[in-house]
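K.L.:
Build the full structure now, drawing on both the sequences and the hints.
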Amino acid sequence: GQQLNQSPQSMFIQEGEDVSMNCTSSSIFNTWLWYKQDPGEGPVLLIALYKAGELTSNGRLTAQFGITRKDSFLNISASIPSDVGIYFCAGRLTGANSKLTFGKGITLSVRP
Amino acid sequence: GAVVSQHPSRVICKSGTSVKIECRSLDFQATTMFWYRQFPKKSLMLMATSNEGSKATYEQGVEKDKFLINHASLTLSTLTVTSAHPEDSSFYICSARGGRAEGYTFGSGTRLTVV
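Protein chains in written order, with our numbering: chain S, 1 to 112; chain L, 1 to 115.
I should point out that these hints are in silico values taken from the structure, not numbers from a laboratory.
The following label-pair restraints were derived from C-beta to C-beta distances:
hint, chain 1, residue 1, chain 2, residue 2, range
1, S, S20, L, G16, 45 to 55 Å
2, S, G59, L, Q29, 23 to 33 Å
3, L, G16, S, S82, 34 to 44 Å
A quick note: this is a predicted structure, and the numbers were derived from the prediction, not measured.
By construction, the Cβ of each residue, glycine as well, lies at the ideal position given by its N, Cα and C atoms.
P.N.:
Below, the structure is given as structure tokens:
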């Protein structure tokens, strides 16, 4: 099935650094979602975006819905060790039973 | 709000047996639930969409007779892996739609190991 493009597969940063992750698609989505997954757990919603151009923050996290509706980015500022995990972007079209389309995820490692 | 409970978190079963995984929405009514499968270091692969009171819609390539889904109430969906085979070993995650506007709340997953 269709997937969103997330790269690189892994990122390694130093504690305190900022990091930005991008997600692109060949198709338009009406909603963009960013999730974090810890090992052995289900994904947890970080930020949801509903309008093209929308910029939303959640603590140290900031995400934007691209103007073209084909991309989104997530920025984490002043990283801390507990930011370690897999970050997935997901896109959704409007509809009663709209499915989520997931990216492959980026594994973030934070060096203390 | 919007809590989804998935049980069991881990299960080991013998080849040929069946395993049932439960997904419950604890504080909201979930008209739609989704079942995913995730391989190590891979993304979530949607298996099927279940709507309360109706038959599940399976994604292409997913065997409906092997992965039985029942969504008998607005708070419970079950996935039964029938005649389990070692290649069915995986991490299964459910998601429920309802509650907050963002919709999709995930369970904590079930690690299935078939020996």
